[in-house]
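Peer 1: Read off the chains here:
2 protein chains.
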Amino acid sequence: MALALSLSRQAIGLSDPNPRVGCVITDRAGRLLGAGHTQQAGGPHAEVMALRDARARGHDEAALAGAQVYVTLEPCAHHGRTPPCCEALAAAKVGRVHLALLDPNPLVAGKGRAHLEAAGIACELGLGAAEAREINIGFLSRMVRGRPHVRMKIAASLDGRTALPDGRSQWITGPGAREDGQWWRQRAGAILTGLGTVRDDDPRLDLRLPGIESPPLQPLRVIADSRLQTPATARILQSPGKVLLIHAGATSTTPWPEGVETLALPVGHPGDPRTGHPGDQPACHPGGQAPEPKVDLPALLAELGRRGINELHVEAGATLNGALLKAGLVDELLIYLAPALLGEGRGMAALGLLPELTAAPRFEWLETALVDGDLRLRLRRASLGY
Amino acid sequence: MALALSLSRQAIGLSDPNPRVGCVITDRAGRLLGAGHTQQAGGPHAEVMALRDARARGHDEAALAGAQVYVTLEPCAHHGRTPPCCEALAAAKVGRVHLALLDPNPLVAGKGRAHLEAAGIACELGLGAAEAREINIGFLSRMVRGRPHVRMKIAASLDGRTALPDGRSQWITGPGAREDGQWWRQRAGAILTGLGTVRDDDPRLDLRLPGIESPPLQPLRVIADSRLQTPATARILQSPGKVLLIHAGATSTTPWPEGVETLALPVGHPGDPRTGHPGDQPACHPGGQAPEPKVDLPALLAELGRRGINELHVEAGATLNGALLKAGLVDELLIYLAPALLGEGRGMAALGLLPELTAAPRFEWLETALVDGDLRLRLRRASLGY
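In the order they appear, the protein sequences are chains V and S.
All residue numbers for the first sequence refer to my numbering, where the first residue is 1 and numbers rise by one.
All residue numbers for the second sequence refer to my numbering, where the first residue is 1001 and numbers rise by one.
Hints are supplied without guarantee of correctness; some may be wrong.
[As the list claims (entries may be wrong)] Beta-carbon label-pair distances, calculated as ranges:
#1 S:R1031 - V:P210: 56 to 64 Å
#2 V:W171 - S:G1352: 20 to 28 Å
#3 S:A1041 - V:S383: 36 to 44 Å
#4 S:P1203 - V:L370: 39 to 47 Å
#5 V:A122 - S:R1009: 40 to 48 Å
#6 S:G1080 - V:E344: 43 to 51 Å
#7 V:E258 - S:G1352: 41 to 49 Å
#8 S:P1165 - V:G167: 19 to 27 Å
#9 S:A1382 - V:W171: 14 to 22 Å
#10 S:G1080 - V:P210: 58 to 66 Å
Since the hints were made in silico from the structure, they are not lab data.
Every residue, glycine too, gets a C-beta built ideally from N, C-alpha and C.
Build out the structure end to end from the sequences listed, making use of the hints.
Peer 2: Rendered as structure tokens:
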């Protein structure tokens, strides 16, 4: 199973929106017969790749009959773009299937295991489950909640400053932390930022991985831009790959470059029963003026879920960070702390004035690691439920 | 040596201003003959305690002759409040002395080893040196620089806020972090704070160790209070133990309680050639008014060094923290980060507006540890030199 998990990591940045799955087939003595991982969407899944690999290595049906199969997620039971994997395993008459995790996809959800057991193949569940869950945390989130696992990345000084007061932030953290951040971007189906960051930093927010010329998948870049004020000359719009501009019902005459799509998702938009984040409602607005329309952040996440985004990587400024945190939409924090203090400067998240200390958005520690002179902190929301 | 180091830790909170030293005596086969650590100032040192312990266990002079001695710091060679330890070891005719560290005290500084070698006792240096240095980092600082090792303790949220904007800070971190902070206070000969913290939090800043009714030493409490505005009713003045109020030449009619001493150390005070921190000089002051007199922080540290303070524990607000950091006087940071974000609030250190990112006070990572739900970060100034 350890090898199957390693293989499943090879599918990161490749298999989205499909899960990252590895599969290893051995004989009864534990000798490797074949192995593989999920390919690009529409391509073969891990089980099929492993069976093909075994046959390519000269193992015939007799060798496969009774074999042990280690797979990091329950084999699919439905006809999607490829035939169901549990049928391929049943046809090969393997002896036993070890599953790290059941697939919460309602099209699978235990049916894969049931299909195998009905074919007389014993199934064992749970080996390597924790690691398999980490690798597919975004897929699990989308299957269970219909929206991506949201990971917010912040680079800051020890005292929580992300930039000097004038916005200068290049560079607070070192090159190792920035490269590490690229690998986290690679895990994500989409990268979310706000208009402020586009204006201040003019980032490309694309994938630039050391040693990889053109990654098989470029994450979708998403900009929360209520009034559609992103300049057409912004580097994020000029660099290759798709960009989704989410606005709050604004109109714009900007000639958007190719690959740019705009979508209105205002708070309180028709068909969305959610109220959005507190303070946005007209009733709460002093002076009786209509409030500035804002992007409905839960609706934004639901839209990304519909588009098959498993992990959403947020690289934004204090305003969007604060809105996401206040709305309880952040599942994970990925913070790089430089070992320096800046004193005055921009904060991590604009949360407004908290009524008391207990109102602070709270997380649980997941990991700390030293990355080339900076400290990487990872934290999770308590009890994710997936 | 591992046992000697453990014993030396028993002298923390006991032996100040003397170093924390442990000593173990074994026979040639490594069997324990005696062990001990430094007692309160004026009491016996570790070597004498270990020799006494060996004799109390019934080991006579014949048993001690040729014994192996493990001692975490070079035995003293001078007559202080006790006779020199190297004479006691030489008199016992031990066979070999393993020294973790040489003592940088100019009264010792290699003379202890020379005395032993002249008496025909072989000396070996360096076993356990790194740990012995950590335990005595403050003593080494005072011997080498004439001032304490300065450790700044900060409790903050993930985004670097030490309090809500109105000053509420109880409690950002949990009870485990607060108890851990007490053990770091115990290491310190003195605790430094500023008038702002006294006014805002009214802390006692004394030692309240779980399971220890009355600690043998209470650290000196030091308040940097340029204009002598500490209220006589402040809890820090009312609780037992000594308090040193450092001011900048102010006068006060406050009836200070017993145990409170005041001392003027203004920037540019007679006899101190140092200029203090930038911005305090009249030439830099706009409008031609005389600047507010301030406490000379380097002079404050030199004064504490003269008083035998090895480690200084700083628990202050952003103003004093910022002044110490800007003056380059902070050797170590001890930061407890709660896994929550506060958004708006008080910062760790008021550093003024930095001209560029590279002007930020910078440290090196020493340790991270999870303490009861909070993350403890320890950082050091690069190349301490002791």
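Peer 1: Each of the hints needs a verdict: does it hold here or not?
Peer 2: Structure-based check of all given hints:
1. S:R1031 - V:P210: 56 to 64 Å: holds, 57 Å
2. V:W171 - S:G1352: 20 to 28 Å: 21 Å Cβ-Cβ, so the 20 to 28 Å window holds.
3. S:A1041 - V:S383: 36 to 44 Å: The hint (36 to 44 Å, Cβ to Cβ) is violated, given that A1041 of chain S and S383 of chain V are roughly 53 Å apart.
4. S:P1203 - V:L370: 39 to 47 Å: violated, 33 Å
5. V:A122 - S:R1009: 40 to 48 Å: At roughly 56 Å between Cβ atoms, R1009 of chain S and A122 of chain V fall outside 40 to 48 Å, so the hint is violated.
6. S:G1080 - V:E344: 43 to 51 Å: At 48 Å between Cβs, range holds.
7. V:E258 - S:G1352: 41 to 49 Å: holds, 47 Å
8. S:P1165 - V:G167: 19 to 27 Å: holds, 23 Å
9. S:A1382 - V:W171: 14 to 22 Å: holds, 19 Å
10. S:G1080 - V:P210: 58 to 66 Å: holds, 60 Å
Against the hints set out earlier in the document, violations occur for numbers 3, 4, 5.
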